[in-house]
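Peer 1: If you read the protein sequences in the order shown, they are chains A and B.
Taking the working numbering, I'd label the letters of the first sequence as residues 1 to 302.
Taking the working numbering, I'd label the letters of the second sequence as residues 303 to 519.
Hints listed in this document are in silico derivations from the structure and should not be mistaken for laboratory results.
Virtual Cβ for every residue (Gly too), placed ideally from N, Cα, C.
None of the hints are false.
Cut-off 30 Å, straight-line C-alpha distance, at most; resulting in silico cross-link-like pairs (BS3-like, lysine-lysine):
#: 1; chain 1: B; residue 1: Lys386; chain 2: A; residue 2: Lys281
#: 2; chain 1: A; residue 1: Lys152; chain 2: A; residue 2: Lys4
#: 3; chain 1: B; residue 1: Lys332; chain 2: A; residue 2: Lys281
#: 4; chain 1: A; residue 1: Lys243; chain 2: A; residue 2: Lys26
#: 5; chain 1: A; residue 1: Lys50; chain 2: A; residue 2: Lys33
#: 6; chain 1: A; residue 1: Lys281; chain 2: A; residue 2: Lys26
Which stretches of chain B does chain A cover? Using the computed rule of at least three CB atoms under 8 Å from a CB of chain A, they are:
#: 7; segment: 304-314
#: 8; segment: 400-410
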Amino acid sequence: MSMKIAQFVLILMVSPFLFGVINRTKAFFAGRKGAPLFQLYYDIVKLLHKSAVYSKSTTWIFIAGPMVSLSAVIVASLIIPFAGWPSIISFDGDIILFFYLLGLARFFTCLAALDAGSSFEGMGASREVQFAVFAEPALFVSLAALARLTGKSSLTDIFGSPQIHPWVSYGPLLCLALGALFIVFLAENSRIPVDDPNTHLELTMIHEAMVLDHGGVDFAYILYGAAIKFWILGSLLTGIIFKESSYGWGVDTIIFILLMVLLSVIVGVVESALARLRLLKVPHFLIVALSLSLVAFIISLR
Amino acid sequence: MNIYADFLIISVFLINLIMLSSSRIRVCIKLMALQGVLVALIPFIIPHSVATGVVIASVINIILKGMVFPWLLLRALQDANIRKEVEPVGGYPFSLLLGVAFFIMSFWLDSRLVYSKTVFSNLAVPVAFATFLTGAFIIISRTKALTQVIGYLILENGIYFFGSALLNEQPLLVELAVLLDVFVAVFVMGIAIFHINREFDHIETNKLSELKDWIEP
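With the rest of the complex left out, here is chain B (with noise of 0.2 Å):
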């Protein structure tokens, strides 16, 4: 059981835990950005991996993940002028307990998953799962565009996770070619937040149902 490898794994999933119970926008950038530089840490204590695509994906994700991302998103914020998210349905202490569940649905996913090799903690697939399962909530759940860019890419940082666990070595063309649609996805979702809060005042994203092209007669 290599102790350093836990610690980081823990602090990923941990990670996703603050993020479901905090409602603070700028916490949640920031998180999301340290999840990131973790889980592009995670090829270098892996025994026997560090290949030079390896470090140059690592490199750019960090970069990209750690700088640009939270940059981008920070400055989203100032011009959106909000701090904080709404109050998702169920509350808090529920997208709290439901991070656990995830973490609990994982572990029985990864129960019934067959590898070809050795995953190098059992911990890893589990919290990759559970990541991905975040992100995925934090979209359905909150209402804010910007926090639903965040759990975005909390899910790239599950995808990317599963990847290093269990890839040897990843297609360096794969795994930049990602990280590129990452890019012009959040920059994209950068300025549709723009504008949404130009035209709007606010960026909910539950109000966008009530556009309509014309009037009911």
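Isolated chain A, as found in the complex (with noise of 0.2 Å):
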């Protein structure tokens, strides 16, 4: 039990860092020196000391949203194995309590954003659901695909069964759904072919966006559920790449957490070498995650 709360914990604690990398190799490859690796922690203490300002048009709706999201994700991470390890809450089925808390913090966001009464938040709401309506089934179906392989419905178990790690042996279907993943990754997470997080144009921007008019203590609640959304999407990533080793609980840690630093380096090469999609090639761009996770669903079915 101490090492389910030790891990819990670590998450909590290491997230905000994975921020830092990527600017750190976006910095690298522009030629700059780039903020601090801490940049985030210093981002949110400095706001969690300033009140936040609500506007007399907005209900307890727009202080919920924050609160709301930010909880969510906190459940999300105490379901998601870390390092092959077992997760602090699994049952059958907590696969799908998976998926609707990321729907719930979602849908909360995009609630105080329509709450905010602002068209440029209003719009960028409306962006935000019309792209989960495809990112949302990608992640679905290829976590149905890594379901269906391995017949467990609980994340732990899915991610700790033989059928995944010695992983040759289903190597195409793991590709596929590893392929599909990334890009629901990288468009949940409004990195760059998806959405531009340092874009600086409300009609660009996407999640910026919605999260224009909250200040204070809830703009540090937000950026903070944004960087333990990125790390629960991206240990579903490594987490099908990773092997356990048989050292132990330290190494594994060690290892795993290795693995997120250098998914958040190639998070930051992408958006180094990309440019961003048009708008209105971004569902094209999520189809492609769509058809992949329904190819790696139907060759899970043989």
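Starting from two chains that each stand alone, build the complex the way the hints lay out.
Peer 2: Spelled out as structure tokens, the structure:
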């Protein structure tokens, strides 16, 4: 049990660090020095010391949005297995709970954006939901393929099962699922081919446009929630690649965190190498993920 | 389950998907060539099937589909001076999803068939069917003559794949005759593309229906 709590605390502590890694990678490619690796921690601490300002036209939904989103992703991080070791909460069918927690987080972020009454935020919410229509089935179907392959319906069992880990025997399926999950991972975390996290033009924003009116503590919650979401979706990817070593929990943890850092570096490289897609092309990109996941699912049925 | 065979088969299928969703003709030609080579390699990963006839057929396949056809088509592409296919009916995302639907349909078809011998991988026949259907769909839905030739070649890749998946040893003569047919067809189509292009300054085939040898009074 103490190990499980240690895992949970590690997720909460380490996840903002990965954003620092991405920014450093991008800075390296751009020939800049880049922000400190712990910049997001400083930002969050700074924002936590500020108080939020609420417009008179907003209701409790606007205040609840960031809190509900953050708590939903934290609960989701309790379900996700860490380094192939069992997660804190795991039961048959927790995979469904996982999807709905992510859905709840998105739902409240969008509601809060609409509640603000700003036209930009409404536009952002509309786009977020439009792209989620394509991204969510892809995530669902690719995890369903893994569940079908392993015959288990809990994330801990799926990622700890022997079908995944001597992985070569089901290589094609796992590669397809990995490809689909990576595209969804980029889209859900509003990374570059879909959304630009550094954009400063409201018309081109997706995720950032929804949170324009949040400030202070609320914005700290949003940033922290994004970091944890990055971690949990990323650990689905690394969970497929990662193989348990025989050296016990400590070594596994270190290797797993290094894999997550590697994933962040890959994201940084993708962001430096690719330009953003036109908004009209984004559904096409996400449908590629959906097709890959469908093919993986069909193969898993055999 | 032969892991290399599965990777090869899935890459053949993924090339179909890219073909359905890409508008760049140059990319399509190169991928078509790659698919031809991959399909020609199939007999070598099936245990106990490497006879002299198979080797000859594969080598001729690799030379024709991997080098000669792409060269002919790339030259036609340069002459026609086009780079992109126009948007097909329903758009690219739709044809991509249709590609997946073909795959599902092929699995259903595969489950209805009775084979006289075991196929080396349970993915081989569905992917071969999906490749036929993809080729046929590209011929129907795309408007440039060049892309239609590519569709025709994908169809042929599917047929060759189907043959090499099901037969222990194909009659060499049949295989060579098919290849000769394909070669002549591509050659003739190359000439046709050249002529269409010279007459009309484009290779849109849907404009051909406007041709008339008499003017309505």
